[in-house]
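Could you put the whole structure together from the sequences, leaning on the hints where they help?
Chains as they are written, first to last, in my numbering: chain R, 1430 to 1528; chain P, 1430 to 1528; chain U, 1430 to 1528; chain X, 1430 to 1528; chain B, 1430 to 1528; chain E, 1430 to 1528.
Bear in mind the hints are in silico, worked out from the structure with no lab data behind them.
Among the hints, erroneous ones may be present.
[Said to hold, decoys possible] In silico DSSO-like links for lysine-lysine, alpha-carbon gap of 27 Å or less:
1. K1436(U) / K1483(P)
2. K1470(P) / K1470(E)
3. K1521(B) / K1470(X)
4. K1521(U) / K1470(P)
5. K1521(R) / K1483(P)
6. K1436(E) / K1436(R)
7. K1470(B) / K1470(U)
8. K1470(R) / K1521(B)
9. K1470(B) / K1521(E)
10. K1470(X) / K1524(B)
[Stated by the list, open to error] Derived list of chain E stretches under chain R, where covered just means 3 residues or more per stretch with a C-beta under 8 Å from a C-beta of chain R:
11. 1436-1445
12. 1476-1485
Where a beta carbon is used, it is the ideal one built from N, C-alpha and C, also for glycine.
Protein chains: 6
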Amino acid sequence: MDIRIIKAPSTGTLRIIQRRLSSMELEDIHDFGAVGLLQGKIMDMLYAADIAEKTADVCVEDIRGNCPTTMTTLAIFGSVEAVEIAIQEIRKSGKEDGR
Amino acid sequence: MDIRIIKAPSTGTLRIIQRRLSSMELEDIHDFGAVGLLQGKIMDMLYAADIAEKTADVCVEDIRGNCPTTMTTLAIFGSVEAVEIAIQEIRKSGKEDGR
Amino acid sequence: MDIRIIKAPSTGTLRIIQRRLSSMELEDIHDFGAVGLLQGKIMDMLYAADIAEKTADVCVEDIRGNCPTTMTTLAIFGSVEAVEIAIQEIRKSGKEDGR
Amino acid sequence: MDIRIIKAPSTGTLRIIQRRLSSMELEDIHDFGAVGLLQGKIMDMLYAADIAEKTADVCVEDIRGNCPTTMTTLAIFGSVEAVEIAIQEIRKSGKEDGR
Amino acid sequence: MDIRIIKAPSTGTLRIIQRRLSSMELEDIHDFGAVGLLQGKIMDMLYAADIAEKTADVCVEDIRGNCPTTMTTLAIFGSVEAVEIAIQEIRKSGKEDGR
Amino acid sequence: MDIRIIKAPSTGTLRIIQRRLSSMELEDIHDFGAVGLLQGKIMDMLYAADIAEKTADVCVEDIRGNCPTTMTTLAIFGSVEAVEIAIQEIRKSGKEDGR
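The following block contains the structure:
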């Protein structure tokens, strides 16, 4: 599972992300201090989304194209601290699973 | 075949799953205590769906994007117990097949 | 070429298959006693479909997503006996070709 | 490049092929005695289509899903003899290219 | 990068190409004496398109399906000479890059 | 991560790029002196987009087909100098990450 955190994302980066969010529920993603990006198999992303939301004050959403065959990228929005805590917990769970 | 069980899935996780269900027949997936996720070849997923429904009180559905080339992920909804029984039986059948 | 036979398929399994049939000509697939599933390259699937229909009293159809790049899965509907005869003939032809 | 010839294709096979033809110009493919199937890279298929049409009295068409990323399969319709001549010429050209 | 030149393309070949052109700007591709086909990564195709247009009197266009994930094939239309000059220059540039 | 810079892109190259831009915000890409192209995993492209915009006076956009499964190619528009500075910074960050 590949993981990256972008702190205070730039305008163009947010525009690309915004357009690729599957849900319209997160209307303004500019309010978040950071976005964590995870890439992997769809079921591992769903599992990570569940851990993230249960661990920290973050919003989870999948980033996609118009026509995704599999959900490859999960975005975790929140403050820098919240995103870091969520991702720490996801990494820990990955190690316990031996993945 | 990869398998994962998410118990009492979080709101965001259910929102991502809900949006990706192929069928609208399962309108409220919040009532289920657990969701089992299986990932593999479409024909193995169909085979597993058949075993799950014949073994335990669960609902099967495929999770997809807008444009799936192959059904990669199967969701099995039910109580924690029912999902665990269904997945046990699927694992057993996989071993018998030598897969 | 991967092959599987599902006998007396469960309701959920048939619902997933039904939704993924390319043609609407087979309106009620619940009447068939079995469904044979083959997965492989599109031209091998077309070749197998031809053998199946020429060998036994079966209906052939391709299973797909909304947006298939290649026809990966062929469904052969019929009685348990008919499906087994068709698949036997397909296997035999595969051996003759050395595939 | 994979090649197969189906002689006097069965009804179900023709129905699957018909639905996947890119062009509606070939309205009735039941009149042809055989269909040759080639699978490979899009540019090799275009090259083969050109050879087939210049060599024998055949019609070429690409077989696709709703959403092909690359043209993977070329169909060559004609009499059994014409299709065999066209495919022979394609094979020969492939050997000359050292492909 | 794979390269092929089709001289005086046949009717069926042009029909398949025409249908797959991304742009409608090239309305009649029958006027060109040759078509050069290149297949590779989207950014290498864009780079090649740029070289082709700067080198010879050719038109560049990408060939696609309904739903391309990446532009895999570039078509270079022009006289036989112009297409050959353009492709020579692309090959040379590829060698300089060590690709 | 693959990187290429096209200086003063030709008309046909720009037409292909323009048609594949995800956003309509960049209406006239002919004003830019250069376009940098990056190809890789969607999360690495988002990360690179963020670096580019924070480093130099450039516009970032993803290039896609009608139906992208993953954002494979990022375009960075700007003057030749700005694009080169942005790409230098992206390369440097890649080395620090050990990617």
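Here's how the hints hold up against the structure:
no., hint, verdict
1, K1436(U) / K1483(P), "holds (12 Å)"
2, K1470(P) / K1470(E), "holds (24 Å)"
3, K1521(B) / K1470(X), "holds (23 Å)"
4, K1521(U) / K1470(P), "holds (24 Å)"
5, K1521(R) / K1483(P), "violated (36 Å)"
6, K1436(E) / K1436(R), "violated (31 Å)"
7, K1470(B) / K1470(U), "holds (23 Å)"
8, K1470(R) / K1521(B), "violated (40 Å)"
9, K1470(B) / K1521(E), "holds (23 Å)"
10, K1470(X) / K1524(B), "holds (23 Å)"
11, 1436-1445, "violated (count 0)"
12, 1476-1485, "holds (count 6)"
Comparing the model with each earlier hint shows violations of hints 5, 6, 8 and 11; every other hint is respected.
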